[in-house]
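Trainee: Based on these hints, arrange chain B on the given structure of chain A.
Protein chains in written order, with UniProt numbering: chain A, 1 to 227; chain B, 1 to 426.
To be clear, the hints were calculated from the coordinates, so they are not data collected in a lab.
The reader is advised that the hints may include incorrect statements.
Stated by the list, open to error - Cβ-to-Cβ under 10 Å is the rule here; a few derived chain A residues that face chain B:
hint, residue
1, Ser18
2, Ala80
3, Arg87
4, Leu108
5, Thr151
6, Arg152
7, Thr191
8, Tyr193
9, Asn198
10, Leu218
From the three backbone atoms N, C-alpha and C, an ideal C-beta is built for every residue, glycine too.
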Amino acid sequence: MKLLIVEDEPELAAGMSSYLRGQHYVCELATTFDQAQEMMLLYDYDCILLDLTLPGGDGLALLRELKAQRPEAGVIITSARNAVDDRIAGLHLGADDYLPKPFHLPELSARVAAIVRRRRYNGANLVSVGELQVDVAARLASLRGQALNLTRTELNLLLLLLANQGRVISKGAIAEHLSGNDAEQFDTYETVYAHVKNLKRKLTEAGAPNYIRMVYGLGYRFDPDLE
Amino acid sequence: MKLLTRTTLIFLLYASVVAGAGTFVYYGLIHKLYYAYVDRTLSRRKLRVEKALRLYLHSPADLAYWHQLDHNVEFVPLPAPPPRRPDQLRERLMYNELTGKSQPYRQLSSAVLFQGRPYELQIRVSLFDTQQLLLRIVLAGAGLFGLLVLGLFGLQFVLNRRLWQPFYVLLEQLQRYKLNRNEPITLPATSIREFQQLQEAVQLLLRQNQHVYRQQKEFTENAAHEIQTPLAVLRTQLDLLVQAPGLTEEQAGYIEGIMGVTQRLTHLTKSLLLLAQLDNQLFFPAETVDVATILRTQLSHLQHLVATRRLTLETDIAASVPMQIHRGLLEVLVSNLLVNAIRHNIAQGHLLVRLTPEALTVENTGQEQSLQEAGLFSRFHKASDGSAEGVGLGLTLVLQICTNCGLPLRYSYVAPGRHRQQVLLH
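Next up, chain B with everything else stripped away, as it sits in the complex:
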């Protein structure tokens, strides 16, 4: 939900609460004022009636005659003189001959004495139809509220187009931004101070990041050079040393040891450099590569290992799965997944490799516990099954390559002792 939409919604919510509650408060207030006015009118009319009783009326027939002329004044004879009490005000419904409906009236009742006889004087005023009043007030409120909503939406549209435009432009540029391509971020000129500050902050941040990125890249390249060159010297000298005539078996043993660690060191350096490049999000150009071909090639490289460890290999590989990716990265990804599944397998275990256009799945038997929490993909993670080979970077590389290429990687523990790694290819 957009920020502006959410703000507007909150405004609307508040406005509807005020409008809803306001209608009732408004109604109550008018109701009270109106009744006060009616009651005061009735009291004054009573004073006038009492004056008329004293000055102009002479017989009970006059009272009935008055009622005939004015339906709103009535004298009801009482059997006995009433106790002294204050006037009563109440509402009553009365049939109206003209409209043919019952209508609410406000009535004042008061006991009076006329020529020594007790009467109850009733003075009435027809009331408005209060329900209709309420309805009209609600309608008026709703109309106002509608106007408010329309206005708010209109305002939001205009604000969105005008005021917030620099923000959306900036957002779009940031979404497309790549560190390895040195494109500046520009904003249309704006007079809003927050946006100016935001732009300055973003540009400062990006400049710093670019700087760090360039330094990292340089460091990686320099480290590659500085570490690989001595390793290269070491290797060539060892290759020459083994050619030496008259080498004894004991000497050969020492040389083999040095060759072994040189090999490990070389492999470690290569893995770390590749990781650094992946971490730095160095740009890896993609080409159309057939995943199936690469998978078959890597499997054939590893065939003898599978045979030596007496693993049952089950494959289900689609004929061709073309994909846009960097070939070298895909090779490392596939090879590391397979090598891992072989290395951490049990003797005479099972290995399943399945490739569909949707996913690459490698399933292997192994130690009987889920590796979910074991830091499977963390750096230098050593498996607990005691296989001492490898430096523990294989799966980390797999994860980094997947992240770098936007391929989701899943690990699941499908059955006791069965592990499944899956790379979704889209």
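Extracted from the complex, chain A is given alone in its bound form:
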């Protein structure tokens, strides 16, 4: 799966592509308006991560042009411009998602996964790891064909973990993913501990391997290769 990262901040672009490569995406990089324009229109990408403030022009103009030529392209706007008008303008122009900076890489990865699923599998989509399966459209998780009784939050958490397999996801990233960006955050992570604990319990009770590991109190990692 091929991604295009349009981002002029070199460290950020490097970080994003390094992380997403670890999730087995092929990442290409564009750092200016003209470069992005050329690549966008020449090649087909599963998802384009688009920064709005670019040297050489406004990302919204790129989006307008892209949507005129390839209406089916998946686009996530990643911008530091958090102004409400920009967000609305972006979504109106046909962007699939809007992720304001600063974001967590696991969150970005989960959103990319959602877009790719939507584009590739036309919405119907099973994510599976070993005997664990998640039907994203029906919002159902099952183990060996047997449904797991997960709450909405636990399912969201599971999808975040699945989109970032083998990677450490910090508690902060989990907290933001679960409570939405606008919710005021607590410095304590009681909510995160509780949700992870419940999800782990439900998985192991159904007979799944202990996929979810705590990493030094920093966060959690979903290890698919564990048996």
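Mentor: Using the frame of chain A, we list chain B on its own:
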């Protein structure tokens, strides 16, 4: 009350005082002039009578005969010669046979000697009915005053329509004026110098405000970009750092610390930027949002916190409360109210959330003192109950959002240790 109405009223008040007092002064003046005239007439007639006494009258019968012809001259015999004294003028009532009523007269009494005998000479003049005079003067005054009032009202109407029209046009435009929409203020051409000056002053003020507003908006946006981008780099690098193989527990501890402050910094930046946008009255487009749905979603996000702190949660939420508002703002508003009520609660405390079509009420147990004077809604206000979380912007955001969306926000201390925040939804 309109300025012009008030001016007219003051004019009318003054006019009625002048008209009221004037009536009495007028009456008094006429009264005095009239009496002076009557008294002079009486004195002259007395001179004529005295001349007649000397030249033409010969016997007491002539005196009685004179009285029969002229009722206004009478000779009353006196028993003894009177002491010498000045003539007396006084008023008296006398019966008038023709009208059948008693009428006031002015009478001059003077002692005279006729053929060696003393008499009192009385000369009278019938007076006007002075009460009737007064009545007529008052009526005339009232008529004039009425004319004055009518004229003033008529003038006010005309002035209102013509002279003050530019002022009302300007006022109406200013009331509708919004900084974020760049509409010019125009006035119909007027020759009144004050209005011209007012228009110039207003336009200058608005131009300056627009300038400041645009600069603020640009600054906010630039600041957002310039602060968020380094934060974004910091975050991604940290996310990558924790993936590093062979990380020791000690190193993980350091990273966790940095992640914590990055999180706080991110949250602070977001809150401040939102506050700046609200302060600048940036335009937030409204859509129809169901407050009940948002409230339930936010409550479910916070469910575990409520459980961890062993709070009793009591909810009473209407099925659906649709409302015109910006979704994001409403989410921040609801979430901050709830988080605040949980954060500053006591262990095993109580939390009541009630939503009716009229109001959203959040009631919580907490420290035992009213927060009314504690700067509850001011920036970076830290609660005294020692909870170190948060940056103290939560309730400030709540207040700003309420102000921005025109929703009244009330805080009340309902019972010892019970705090109630209420947002009226209309």
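Trainee: Under the constraints set out in the numbered hints, which ones does this structure not fulfil?
Mentor: none
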